[in-house]
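Peer 1: Here are the chains, one letter per residue:
There are 2 protein chains.
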Amino acid sequence: MEPYTLYYWPTIQGRGEFVRLALEEAGVPYRDVARAPKGMPQLEASLDFRCEPLAAFAPPVLRAGELLIGQTTNILLFLGARHGLAPRNEKGRLWCNQLQLTIADIVAEAHDTHHPISVNSYYEEQKKEAKARARDFCAARIPKFLGYFENVLAANPGRGNFAVGSKLTYVDLSLFQLVAGLRYAFPKTMARLEPQWPRLAALHDEVAARPNIAAYLKSKRRISFNEEGIFRRYPELEK
Amino acid sequence: MEPYTLYYWPTIQGRGEFVRLALEEAGVPYRDVARAPKGMPQLEASLDFRCEPLAAFAPPVLRAGELLIGQTTNILLFLGARHGLAPRNEKGRLWCNQLQLTIADIVAEAHDTHHPISVNSYYEEQKKEAKARARDFCAARIPKFLGYFENVLAANPGRGNFAVGSKLTYVDLSLFQLVAGLRYAFPKTMARLEPQWPRLAALHDEVAARPNIAAYLKSKRRISFNEEGIFRRYPELEK
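Chains as they are written, first to last, in our numbering: chain L, 1 to 239; chain D, 240 to 478.
Not one of these hints is a red herring.
Chain D regions said to be covered by chain L (calculated; three or more residues, Cβ under 8 angstroms): (1) 309-315; (2) 333-345; (3) 367-379; (4) 392-404.
Each pair of labels, with its calculated beta carbon distance range: (5) Ala-36/L / Gly-399/D: 37 to 47 angstroms; (6) Glu-90/L / Glu-283/D: 21 to 31 angstroms; (7) Lys-188/L / Val-358/D: 19 to 29 angstroms.
Please keep in mind that the hints were generated in silico from the structure rather than gathered at the bench. A virtual CB, placed ideally from N, CA and C, is assigned to each residue, including glycine.
Starting from the given sequences, assemble the full structure and let the hints guide the process.
Peer 2: This is the structure we're talking about:
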């Protein structure tokens, strides 16, 4: 099979990480192109209508043969169907997509805790507003979203501790990443609240222990969380 | 055919409007259930795992026979395939979904111009921050997103002035709604900038003139823009 090409920022996990986790779990070859020498111009070309008739608005972008696919949940919809990371039936496929979109919503809100006013200004220029937004995020939004996902796990009649049915889907991989990211960014909040969500914590550990994911997390391919990504640890935002 | 049931807030266009437009263009019967007497408890039940095994995080939610579908772009993915409002081939279907996700991104940012800190507080409590966020939205984000969509229209090799291929898709309906909403919320900004995006303006007018959409826009089913929805006209945000 022709390897996939992933176009994403080379120094952060960001939204690209949800795609990387699906590719790693599926065990399919891919080139993380912007991390290689001279890769950035290729990333930029994927966003440029002079180079691509279906240019994307922003990374991540995945090239799969003739297809150029943008938007994280759209890439996962594609990979899920192609690599057995989503149910084959319409109901299960739509439910996976719905859950992934809800994950995307909290990921966007997590980003806005450090950039509540403008993505074009530095965090330091909007720190006061970031404190207010992060306070609301920790007090109201994390509990609302993670409580919802805990209910999703509890309501799933399938065997095992998966979000959808009795097999791992890309939604489980993304919930792992969400929990890991929130623990990194808001360790005190998560330590205090997480006992409410035992199924989510168990799912995080089960995903981390899967052979392909465990190997990935130990590899150099896994970029560390840092303060340029979506999940950033700024202790002053958690006071 | 059994009519669809739409669960959405009864007094606003909001995200539900993207679904309403698709249903109206397709000419399929639907019950906008929360606008009918005793409808609100049914909306609430669609979000409650005690009532629904696949409860949604938030409206809009669409019931289609055995299916209960949440998240706007997910509902449109379903309706597009079922009612000829998206291409049948994988490439076109993914491209539609990708564009709709990008529309969802600017819609979320439009919402945050009046709620940059917390959805749990009133606009009046975050007006100062809203002014800063709206300034950035009008100066940088509207041009970036609408410039992108103008390029999408320009790069489409299909006949006509559609976003995808040579036939109307749900993306065209959503671009109509986006332009209409931004004109409502930020009239001065749009009047100043819109000449840069002639294809988008033409698409807006073409969609508005389609028989089913024109009839809908004149009907009582179309809720007016107002200051409880996503696109709000607060003149102080546009100074």
